[in-house]
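Using the sequences and the hints, build the whole thing.
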Amino acid sequence: MTAQADVRIDARNTPIRSVDAQRALALARDVLDTEARAISSLGQRLGAPFVAALELMLRCKGRVVVSGIGKSGHVARKLAATLASTGTPAFFVHPAEAGHGDLGMITADDVVVMLSNSGETDELVLLTPHLKRQGAKLIALTGNEQSSLAQSADVHLDAAVDAEACPLGLAPTASTTAALALGDALALALLDARGFSVEDFARSHPGGALGRRLLTRVADVMRSGSAVPRVPVTATLAEAIVEMSSKGMGMTVVTAADGSVAGIFTDGDLRRCMGRVGDPNATRIADLMTTTPRAIEPDRLAADCIVVMETPPKITSLLVVGRDGALAGAVQLHDLFRARIV
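In this text, residue positions in the sequence shown follow this note's numbering: the first is 1, and each later residue adds one.
Worth flagging that the hints you see were computed from the coordinates, not collected in a lab.
Do not rely on the hints blindly, as some may be mistaken.
Claimed, not checked - Only pairs whose alpha carbons sit at most 35 Å apart, straight line, appear in this in silico DSBU-like list of lysine-lysine:
#1 LYS132 to LYS71
#2 LYS314 to LYS247
#3 LYS132 to LYS78
#4 LYS61 to LYS78
#5 LYS71 to LYS61
#6 LYS132 to LYS61
Unchecked claim - Pair by pair, the computed Cβ-Cβ distance ranges are:
#7 THR292 to LEU32: 51 to 61 Å
#8 ALA163 to GLY195: 33 to 43 Å
#9 ARG133 to ALA26: 47 to 57 Å
Positions of the beta carbon are idealized from the N, C-alpha and C atoms, including for glycine.
Below you can see the structure in the form of structure tokens.
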């Protein structure tokens, strides 16, 4: 199907084009169907070569070097990034730059993955004898198993497609989608073979939201020492109010004589007791506090604080207590916001 548009001419003889909505949607659906069929066909053809490529990459003592040019180069860059973020050390090398010095980045311990739909890309074909001479293993991902790259590679992965989705049959579309999907299949099969975990992924993404949620511990965000409001169990309501006001956490911890946590007194407790309390200076905080405060251990994930806080009835401050029962600190909801856990 060849896309066309209605054409009008303005006063300056400049064509003014408009979109034929029905035709455009039909073409778009045809493109998506073509690319979906290309990916589905790949799955049916997977076999021993795919496993052989995985073995080479899994046992690689160096790095996985990914290379390609043009549209295949963009796919190659993405594959290198996906590999690196999922536990397989990898980087991209531009094939033209490799012939002008960057070849020195590749060693005999490396595995090189070359992407080319035709399998005859000059820049890649010219590199293969140099790579093999250096001792690097070569995986070729092409759409032509009879091509120069496919024939010279240690492993060839067939990414052939029946047709491009481009209505002109020219622009790389289905072929690049197929290569991208096959690259993802390689990366994720390697992830599984390595036993790569969610925690490993987080360590590769410390700047992202997932990394923060999976790497940040309660001890990293909690307030401790003098920043935590606390009064002894013998304190009066008036003393507790002063302590709460000075520390700005909306609560105060109530501690026993041995330093352990006896309870907690919050802003909510204060509002609820105001109508039945006479003299704040004569009222003991021990008679008003909650004796079973919610708490969390300092080595737990900070994200776990949200689960504890959101359990009805919801709270905004949470005590941090060690395994020995001693008070380690406290966390307020705002602390989690500042750490971007929420």
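- Looking back at the numbered hints, which does the structure fail to meet, lowest number first? Per hint list: zero violations.
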